[in-house]
Amino acid sequence: SLAAAAIRIIGEFSTQGLANTARSFAHLAYAHLPLMESISAAAIASISEFDSQGLANMAWSLDSLSFLDVPLRDASSAEALKKLHVLEAQTCALLADLDLACRGDIEERLGRFVASAMQRMPRCCTPEDIAAYSRCIAELRVDNFGATGARMMLRGLGIGDVPTEFSERVASEHQQFGAGFGSIDRPSQFKIHAFAEYSVMTSGGGSVNGSLLRESGLNIGFGLEAPRWLRAVRLPINAHVERELCAEFQLLEALCEVLASASAVAGASLDAARREQTIGSVEMLITGSSCASCLCALRQFRLLWPNVTLAVGMLRARAALPELRIGAGQADRS
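Going by the working numbering, the letters in the sequence shown line up with residues 1 to 334, in that order.
What the hints contain is simulated information worked out from the structure, not anything from laboratory work.
In this text, all values refer to a predicted model and were calculated from it rather than measured experimentally.
Among the hints, erroneous ones may be present.
Unchecked claim - When the alpha-carbon atoms are kept at most 16 Å apart in a straight line, the in silico EDC-like pairs for lysine to aspartate or glutamate are as follows:
#1 83 / 51
#2 83 / 107
#3 82 / 105
#4 191 / 161
#5 191 / 107
#6 83 / 128
#7 83 / 105
#8 191 / 242
#9 82 / 51
#10 191 / 215
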């Protein structure tokens, strides 16, 4: 297998090769334990040679596969602290979600990048405002602020978290939100899912209640039409990924259609004044942290429907596997 072949020559890998291999297996949700152990041992031996992005990719990838090497975690934290003043936005976003000793310092630096992005968040849904935000994200070289950074931004946008009872109920009713992902013996297909429940009173006085479920990617029946309410933002690192196909973007676009249809009045246009008369609440749960484009989509939704309260919960995308802990010379799956 590819993993077995990699183990045999792991000593020849550069630090970038180690980080890229770990990241590839994390995206496949494939916790091949012998390979992870080999990568971890090789990474500790060369920890000072990692650049900041490679260090973050390594630490994040192993953590997402529920693989905890205590010596590697501690070494990564110490190395990140040494490089703190040069850590990029995307690096900080990855590291801030991990249980590192330097987490507080990382979060403080991440907060500065978040503040820059918040200053360029659209104040209205014009192409010019959204383009200004897009330029800021490109300058920061960040695709995803991580769960910690995304929560900072959502708070700044006045978007709260969902109640714990909502998250627990959704997880119990929809396996995509409770089963996790990952395997120790084969690659898996990784998908992000978004679920929302809404309850609103429209401008015409009628009530609309329901739920929506979407998954990332191109799906039969969903994501086939160009959006007419929201605009996605092209991201700088994975520039070829169509952000209109993100799960939460598809859900928000569909929700706009639901609200618009319910608010429509024969012979009248659905202008801003009429949208302002739509009142209610939406609770959304996502199996991952929203990318920078979807954070902008959440902002656009709030601008379009200012009196519809929005709460968003983000689950950590982590393998649903017993944690493998390595420390003090022992490995234990607990």
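#### Entry: Enumerated hints in conflict with the structure, sorted upward
Hints 4, 5, 6 are the ones this structure does not satisfy, whereas the remaining hints hold.
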